[in-house]
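Asker: This is what each chain is made of:
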Amino acid sequence: MLAAVDPAAALVGLAPGMSVADARARVPELRLVDADPAGDAKALADFADWCSRFSPWTSVDGPDGIWLDVTGCVPLVESEQALAQDLVARAARLNFAARAAVADTPGAAWAVARYDDLPASSIRVLAPGEARKALAPLPVAGLRLSPEITQDLRRLGLKRIGDLYGMARAPLTPRFGEAVARRLDQALGLVEEPISPRQPIMPRLVRRILAEPISTADAIEHGLVQLMALLCRQLEEEGLGARHLELACFRIDARVERIGVGTSRPSHQPDHLARLLTEKIGEIAPGFGIEVMQLRVLAVEPMAPRQLGLDAKADGGAVAPLVDRLANRLGARNVLRLIPENSHLPERAARAVSVLDDRHRDKRPQDWPVARPRPIRLLAHPDPIEVMAPVPDDPPLMFRWRRIPHRVRRAEGPERIALEWWREPEAGTDGIRDYYRVEDEAGRRFWLYRRGLYRPETAPAWFLHGFFA
Amino acid sequence: MSDYAELTVTTNFSFLEGASHPAEMARQAAFYGHRAIAITDRNTLGGVVRAWVESKGSGMRCIIGCRLDFRNRPSVVCLPTDKAAYHRLSRLLTIGKRRAPKGECWLDAADLSAHAEGQVLIVLPPDDADPIFEKQLRKDGQAFAGNCYLAGQHRYRGDDAERLAWLAAIAERAGTPLVATNDVLYHVPERRVLQDVLACVRLKCTIEQAGRRLEAHAERHLKPGVEMARLFRLYPDALARTIEIAERCRFNMDDLKYEYPDEEGLEGRTVAEELVFRVEQGVRDRYPEGVPDMVRKQVDHELALVAELKYEPYFLTVHDIVRFARTREPPILCQGRGSAANSALCYCLTITEINPAEGNTLFERFLSRDRNEPPDIDVDFEHERREEVIQHIYDHYTRERAGLAATVICYRMRAALRDVGKVMGLSADAVAALNGTIWGWSQDGLPEARVRELGLDPGDKRLALTLMLAQELTGFPRHLSQHVGGFVITRGPLGDLVPISNAAMKDRTVIEWDKDDLDALRILKIDVLALGMLTCVRKAFDLIEQHHGGRHTMASIPQGVKGVYDMICAADTIGVFQIESRAQMSMLPRLKPRKYYDLVIEVAIVRPGPIQGDMVHPYLRRRDDKEKVTYPSEALRQVLEKTLGVPLFQEQAMRIAMVAAGFTAGEADELRRAMATFKQTGTIGNFRDRMIEGMVARKYDRDFAERCFKQIEGFGNYGFPESHAASFALLVYVSSWLKWRHPEVFACALLNSQPMGFYAPAQIVRDARDHQVEVREIDVNDSDWDCTLEAGGAVKPLRLGFRLIKGMAEDEAQKVIAARAHGAFNTPEELARRTGLNARSLECLAKADAFRSMAGMDRRAALWAIKGIETNRLPLFAALDGPIAQEVSVALPPMKLGEHVVADYAATSLSLKRHPVAFLRDSLTARGILKTEALGQTRDGRRVMVAGLVLVRQRPGTANGTIFLTIEDETGVANIIIWKDRFEKYRRIVMGGSLVAVQGRLQREGIVLHLVAEHLIDLSAELGDLDWDRKLDVPYARADEVLRPGEDQRDLKIRSRDFH
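Just so you know, the sequences run in chain order C and V.
Counting from 3, one number per residue, gives the positions in the first sequence under this note's numbering.
Counting from 312, one number per residue, gives the positions in the second sequence under this note's numbering.
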């Protein structure tokens, strides 16, 4: 079903609520994008936050509206007109086709913004007392009533808000409850209606204004440790751990020096986090001195309060700080770990990623293939070898690797692994490899494979792909 | 060559697992020279018949078996050694399926023990050594001593030597000898790709995500014996045991003797005597003045034939079911059809109403010993009451002895593309684009040009692979569903013959085989089908009795009435059975039916078969004496004489294959079967060459041969045999007579049988008014639930019923009718009080404007009054008769007529007040738009413009992308033809417009008028002028393919399924 349409689609007669099949039948070239109500809601909430530059009192209204209480905000700008225009223009730059209305009451503004046939990115400001006249020609849907009531009113011929002005109130209530009268009174300003603002988010930030400018590494470290203690207490209370931290040092010459670190798992241990940052203090140029230090968390994750294990080793906690220090010192891209990938092909069964890379945290140890033995070391590029083996697919008796012959004492195989047909196939492979685990007379174990099935007319190609020990 | 039999084969009847059809498996195994192949799908025997049919004559035996999966023990392959064991296996599966929901089978170890006698069991081991499994195996070795084996497979996983050694060791210890298998999933290694895709569909993931959940390689295909011998060279005994087991499993499908149920109440007569007894009784009833010689001879001939083929119980059962329906109170109308139904026997048994005395040629096709066909009788019942018949069959024969046949729901191109596309990671967008713009390309796949048109690159490997795989997947069984009404009834327990499972529908049980399987096994089925027109006819008979007097039956309708045929020739057939569609209606004036047999042809000719075979025009030319009637050969004269040398019926196509192409009866039968299923198996191609070359070799024109074959292909889609057309033609005549003689009765019965047929109530009502029927509005003081006829002149006025109101519940409407018995209602409040209707129903009545009898109160005033009733306060005032309370009177804005019409359409999908287009007439006239009635006076080829509401949009698969559009204004309808290029240009208007203006050239063919569209204008927005904030709810006809694509396809499918 279509959740929303853009102006071009609306122009050719598509509308929300239409089935996809129906819409496609009419406009085969239609481009579809999956609806993302959660994403939309978040974007709207962010936008509402952003709007707080115009008024401290903003709130989200339904799936597509934002309330701004601009009472008393106007002295800051030239006029309501200018404020609304500025808002809509800025929204347009953010790719929102917004319509704005300013009125005495939330209800009137709501009705005008939605039902007054405003073109996209335009505004209308109702002068004080103009609401009654402005609302009269608008459909009753502009009263924020349930769809059922709206429809009933229309059936009764009460189609425009103005149709209700002359109605006696008494007969309306038994028929529609008090909603119709209340919404009408709210829109016309006969009844108060407050707008609830969005809750401000507490910033996870601590800052310290220094009594006098500092410039030594020791002094910075000292300040850092104090800030860190403060910040970590706050994180711990919220049950959160930092994944990404930034220390900003404001210099007296109005420049800012920043250093940042990441962690491999959320942490609120002040010592550990402070140590990571301390290692980078050398990067800070203090100039003529630093007057303000500010420590800010850029990314957090929930951390279940953990009971310390009796066996400290089981905790794994000891490795994390080391990993963090290595990664922050050598660069996150230079400290890697292997993660399992779901593939039969040996070279695709594992992948190296940065230890700080978060995207693979759902991998579990059981994701490693355990059914078949795999070499401890896998060659990135299999080495061609010469092999003597009974046809068609018995294990090799002897092979020559880098000109050194190895007589096979024990062998197992073949393990047949098909290439992934949905990728580009390798030429001349039959789409398979036959792998053999072999042990030579010196007890060394190798992993060999023959590319493709044995064919009498061609010499088979053999490779060494890894070592077991 | 090493002797080998593959004993573990999973076909695509293990849905989303096996990747080859059973027939492909059998063919490949035979090709490798296997001694036998055992079909062992997971907890089902669904695919065995197909494999068995394929293996016949190949020299390789097909072992019937099953892989049993349990809830509490390892799986085993179960192979019955004899017939008794087969019955036990079937019973075991029936038990498991009946205790589980649809599509599942719940089996426990205890069930196996109880049914293990006579079975060879092959236990399937886990991948890795497992002491628990070994313990279980030892238990099995003791419990099933001598009959239990352990499956050994060479898995190519590296440690096979070790694993086989372990298996051999535990097999030795447990006394369950090792047997070689390859645990086959596909017949050739190339199918591994499709198997991976199926696995992904099952796992609901893309091919990239599936990873190690897929098989590591393509080794699970059928392998030649030599290769199996090499893989098992250390275990030659395991290989030899495959032959040993194959030799032990002597059960053959041919041994399944299907036994028809004994009829009860024979009073000591044998079934043969009983049939003769009943037929003779029927002869006396049918011909009280004495039976004509011709009929006597025919009856005797048929009785002898039935006796020879031992089909007496079948006829008795059909008779019993029909008799049951006829003796209900009130009786259920029913009618038989099919080759065996068009017989003197069935006429005498009152299964059909086609009188053999009236001398037509239908009866020569009864049964025949050479044609080797099972008797075919379908019985249609009133659609609203068929369930009574079905439940009677379950009651009478019990669920142990009666079950519905299955329908194997196969992947069609669309679904295949959707599933494969998802697996291959194509965007939903791309898949929708591939699927969405194409109507009916399911057989040929997607031409490259089309792909390019969609902005996709046909050279893209992914896309090409997706299309190729989707094509391959097309025809794969996806799940089993129930046949529309085909019952299998047996003497012994049906579950011993074939596993029975629960259907999705409550109170239904379904067997695992479909009609082709049953056909192959020569198991008889009786089709108990639903037909809306029978409901309508019965209701019409009731109305005639009530308002005009006299009780009619199908047989008592006067035949050959000229007025009826005049009406049919004028294509005045809205609502008439079968010949009401636009295609049929435009054929009628050309075909000019004048007698019953003409109707038979009319029904059969407007079908994909004759159309694809290009047989329609030659027939029409010959009928109009514009072309000489010739026969391709003297031999074919017999076959084609009654259709003027042009093959029109499915039977004729079969006869041509035999007479002209030298097919044997058996081959013709195979061809018939291939026709029915060719989409799935693709085997019809073999017949093509044989038939065409066969005909050419016998000196027939190649062109004619090719057209004959094309037609056969068309029949494969929607075949229409003469034997069915004959019964349908009778209903065509009866419904035409009703419409002609009593138009108000017909319209009333039709409205009361909705939903059915081609048209929406709006069109039926309009047609009735065109036939001088006075139609009265729904009113709380006059209407019943159903539409009714009121007292009046020769043509009674038709009062619309509450059933037309959207959202109105029948039990609520009945309250109105019951309360009205004590006097009319004077105010809405009074009605509410006396009926106790809920607020929703009251509003429905108000919206439908059903309060006019209260001093002309309109819907708005009624709604205001109803809204003011506080239903919870009612009991307090129950004793009061006056208004509940005085309240301020309110002046609501008056409603314009246009608003009323829009509201009428919204509430009942029709308006008696005025046609919506009439409101716009002045502005239309100003633009030079004509009324549709003016087309009648327009010269052929002139360019004109008309406008109307869109009723039906159709794009027949046979018409090459042409759209047929029907529009309606206040004076009538206009038929529009939109060629493909015009459609592409005006697609949005055609698909989305509710009021359109069409400019085009008029095309006249006799009295048939078409407007060939050149330009279209969307006027839908102007309907908004009727009511500025509501849209007109246009009642598209039921046959509209845009709004109801699913429904229509389903109808088509049901129809096509019934006529093989």
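Among the hints, a few may not be true.
Straight-line alpha carbon distances no greater than 16 Å define the calculated EDC-like cross-link-like pairs of lysine to aspartate or glutamate that follow [unchecked claim]:
1) C/LYS135 with C/ASP106
2) V/LYS446 with V/GLU483
3) V/LYS1296 with C/GLU31
4) V/LYS772 with C/GLU422
5) V/LYS1291 with V/GLU1333
6) V/LYS873 with V/ASP909
I should point out that these hints are in silico values taken from the structure, not numbers from a laboratory.
The model shown is predicted, which means the values in this text are computed figures rather than measured ones.
Asker: Each hint: holds or not?
Answerer: Each hint tested on the structure:
no. : hint                     : verdict
1   : C/LYS135 with C/ASP106   : 13 Å, holds
2   : V/LYS446 with V/GLU483   : 13 Å, holds
3   : V/LYS1296 with C/GLU31   : 13 Å, holds
4   : V/LYS772 with C/GLU422   : 14 Å, holds
5   : V/LYS1291 with V/GLU1333 : 27 Å, violated
6   : V/LYS873 with V/ASP909   : 14 Å, holds
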